[in-house]
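Build out the structure end to end from the sequences listed, making use of the hints.
Those sequence lines, one after another, are chains A and B. Sequential numbering from 1 applies to the first sequence in the UniProt record's numbering. Sequential numbering from 1 applies to the second sequence in the UniProt record's numbering.
A portion of the hints provided could be inaccurate.
To be verified - Among chain A residues calculated to face chain B with C-beta under 7 Å, some are:
| no. | residue |
| --- | --- |
| 1 | H28 |
| 2 | F113 |
| 3 | T146 |
Said to hold, decoys possible - To list a few chain A residues with every Cβ distance to chain B over 12 Å, as calculated:
| no. | residue |
| --- | --- |
| 4 | I3 |
| 5 | E5 |
| 6 | F46 |
| 7 | G157 |
| 8 | Q171 |
| 9 | Q193 |
Said to hold, decoys possible - With a Cα cut of at most 27 Å, we get these calculated BS3-like pairs of lysine-lysine:
| no. | chain 1 | residue 1 | chain 2 | residue 2 |
| --- | --- | --- | --- | --- |
| 10 | B | K112 | A | K187 |
| 11 | A | K21 | B | K112 |
| 12 | A | K40 | B | K43 |
| 13 | B | K81 | A | K184 |
| 14 | B | K112 | B | K81 |
| 15 | A | K21 | A | K43 |
| 16 | B | K81 | A | K21 |
| 17 | B | K40 | A | K40 |
| 18 | B | K40 | A | K104 |
| 19 | B | K187 | A | K112 |
| 20 | A | K184 | A | K43 |
| 21 | A | K81 | B | K81 |
| 22 | B | K112 | A | K10 |
| 23 | B | K15 | B | K184 |
| 24 | A | K81 | B | K104 |
| 25 | A | K112 | B | K15 |
| 26 | B | K112 | A | K15 |
| 27 | B | K21 | B | K81 |
| 28 | B | K10 | B | K187 |
| 29 | A | K81 | B | K49 |
| 30 | B | K10 | B | K184 |
| 31 | A | K21 | A | K81 |
| 32 | A | K112 | A | K49 |
| 33 | B | K10 | A | K104 |
| 34 | B | K10 | B | K43 |
| 35 | A | K10 | A | K21 |
| 36 | B | K21 | A | K112 |
| 37 | B | K49 | B | K112 |
| 38 | B | K10 | A | K112 |
| 39 | A | K10 | A | K187 |
| 40 | B | K40 | B | K10 |
Calculated from the structure, these hints are not laboratory results. The C-beta atom is built at its ideal place from N, Cα and C for all residues, glycine as well.
Protein chains: 2
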Amino acid sequence: MNILEERILKDGIVKEGNVLKVDSFLNHQMDIDLFDEMGKEFKRRFADKPINKILTIEASGIGIACVVAQHFHVPVVFAKKAKSINLEGEMYVAEVESFTHKCKNNVIVAQKFLSPDDHVLIIDDFLANGCALQGLIQIVQSAGATVEGIGIAVEKGFQTGGRSIRNLGFQLESLAIVESMDAKTGKIVFSEQ
Amino acid sequence: MNILEERILKDGIVKEGNVLKVDSFLNHQMDIDLFDEMGKEFKRRFADKPINKILTIEASGIGIACVVAQHFHVPVVFAKKAKSINLEGEMYVAEVESFTHKCKNNVIVAQKFLSPDDHVLIIDDFLANGCALQGLIQIVQSAGATVEGIGIAVEKGFQTGGRSIRNLGFQLESLAIVESMDAKTGKIVFSEQ
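Put into structure tokens, the structure is as follows:
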């Protein structure tokens with residue numbers, strides 16, 4: 001069991017509707033020492049990849065991505081969820097459906113920050129149905145850049161996102177894969193890795 | 001001249017309407033080594049303060065806050081701009097007007113992450129009219145916590161936000177204070193610090 005799985009057992013809370021709350025250490029309050037350990041582990045798992053950029057998506061992916069980036073010594077680009085008047089010039093756009101917020105967002109990255117020379121590690125906090133991740137992959141591919149790997153903190157293994165993306169041939173590494181969880185008992189079971 | 005000021009002169013772009021674009025290193029693509037240097041400088045400027053938590057606001061404050069936090073060895077909490085169905089329980093709320101996006105947002109922090117025991121350093125990327133910052137200060141004070149200081153990357157010194165907040169007695173440290181900028185010539189002048 002790794003440090004993130006241990007922390008989820010200690011501080012994660014299972015709610016009705018397959019909601020796993022990890023807001024005390026991952027996506028509202030953020031434990032930076034934990035992120036640093038996660039960064040070390042991602043570096044180990046993607047050690048052989050020529051990664052020169054990390055891509056994530058606002059908001060809760062950004063903190064993890066920035067601390068992870070220190071282990072790769074590369075810049076981070078975050079995809080934005082809405083058009084800002086300060087974001088001018090050509091942009092890569094993907095439409096992403098959010099189950100949490102019950103809405104569709106355009107996810108955008110300025111074209112000048114992704115090029116065919118880029119070898120990208122995608123980082124995000126959660127993977128469930130995979131919609132956000134598919135949007136990020138689409139953006140990388142629109143740029144002619146290469147997805148070298150995908151690093152996720154928590155994957156809901158009982159939803160289909162992870163399987164779809166692995167089936168497409170991507171190296172997807174999730175530090176904690178929740179196989180099942182029970183809101184009544186609070187029990188969380190992880191997949192063996 | 002510090003490392004951030006040098007970088008703004010090198011890569012910042014002045015646009016009409018008092019817009020300073022720093023999206024190639026600060027708030028869309030993020031230079032993590034630069035953030036680390038900024039963290040060292042904030043640590044130096046707030047060395048005597050008993051800071052046990054950093055508060056920032058999504059999205060572009062998060063990356064800076066997380067890297068800065070490594071120099072203080074404290075967790076980061078980020079205020080969210082919209083109500084999420086996963087954010088339950090009691091929340092501190094402040095209304096913040098965004099000039100960039102021409103709208104008002106509720107900014108929220110779960111009450112469980114701020115208490116009277118907290119000594120908070122507020123971190124953000126930009127300070128112009130100070131609306132977002134005033135919202136964050138209001139949230140800290142609602143919790144009965146203490147604002148130990150405010151660390152900003154880029155302050156527009158020709159707008160009133162910084163003066164108002166310093167007049168209220170807060171230790172506000174901006175790494176680069178733009179005194180004037182000219183979209184025609186591209187010239188940027190910083191205040192002496």
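Now for the hints, and whether the structure bears them out:
1. H28: Cβ of H28(A) sits 6 Å from chain B, so the hint holds.
2. F113: holds, 5 Å
3. T146: It is violated, given that the least Cβ distance between T146(A) and chain B is near 18 Å, above 7 Å.
4. I3: holds, 16 Å
5. E5: The assertion about E5(A) holds, with a minimum of 20 Å to chain B.
6. F46: Check passes; 16 Å lies beyond 12 Å.
7. G157: Per Cβ check, G157(A) is outside 12 Å of chain B; nearest 19 Å; holds.
8. Q171: Q171(A) is indeed farther than 12 Å from all Cβ atoms of chain B, at 22 Å.
9. Q193: holds, 26 Å
10. K112(B) x K187(A): Measuring from Cα to Cα gives roughly 23 Å; hence the hint holds.
11. K21(A) x K112(B): holds, 13 Å
12. K40(A) x K43(B): holds, 24 Å
13. K81(B) x K184(A): Roughly 31 Å separates the two Cα atoms, so the pair is violated.
14. K112(B) x K81(B): Given that 27 Å is the threshold and the Cα spacing comes to 18 Å, the pair holds.
15. K21(A) x K43(A): holds, 26 Å
16. K81(B) x K21(A): Given pair K81(B), K21(A) holds - Cα atoms ~19 Å apart, limit 27 Å.
17. K40(B) x K40(A): OK: K40(B) and K40(A) at ~22 Å, within 27 Å.
18. K40(B) x K104(A): violated, 39 Å
19. K187(B) x K112(A): holds, 23 Å
20. K184(A) x K43(A): Distance ~36 Å between K184(A) and K43(A) Cα, so the pair is violated.
21. K81(A) x K81(B): Holds, at roughly 12 Å.
22. K112(B) x K10(A): Roughly 17 Å between the alpha carbons, so the hint for K112(B) and K10(A) holds.
23. K15(B) x K184(B): Holds. K15(B) to K184(B) sits at ~8 Å (cutoff 27 Å).
24. K81(A) x K104(B): holds, 17 Å
25. K112(A) x K15(B): Roughly 17 Å between the alpha carbons, so the hint for K112(A) and K15(B) holds.
26. K112(B) x K15(A): Judged against 27 Å, a Cα distance of about 17 Å means the pair holds.
27. K21(B) x K81(B): holds, 22 Å
28. K10(B) x K187(B): The given pair, whose Cα atoms are some 11 Å apart, holds under the 27 Å limit.
29. K81(A) x K49(B): Between K81(A) and K49(B) the Cα gap is close to 36 Å, so the pair fails against 27 Å, i.e. violated.
30. K10(B) x K184(B): Status holds; Cα separation ~16 Å.
31. K21(A) x K81(A): holds, 22 Å
32. K112(A) x K49(A): holds, 23 Å
33. K10(B) x K104(A): violated, 37 Å
34. K10(B) x K43(B): Holds, because 25 Å separates the two Cα atoms, which is no more than 27 Å.
35. K10(A) x K21(A): holds, 12 Å
36. K21(B) x K112(A): This hinted pair holds, its Cα atoms lying about 13 Å apart.
37. K49(B) x K112(B): OK: K49(B) and K112(B) at ~23 Å, within 27 Å.
38. K10(B) x K112(A): holds, 17 Å
39. K10(A) x K187(A): Holds, at roughly 11 Å.
40. K40(B) x K10(B): holds, 21 Å
In summary, the structure is inconsistent with hints 3, 13, 18, 20, 29, 33 from the numbered list given earlier, while agreeing with the others.
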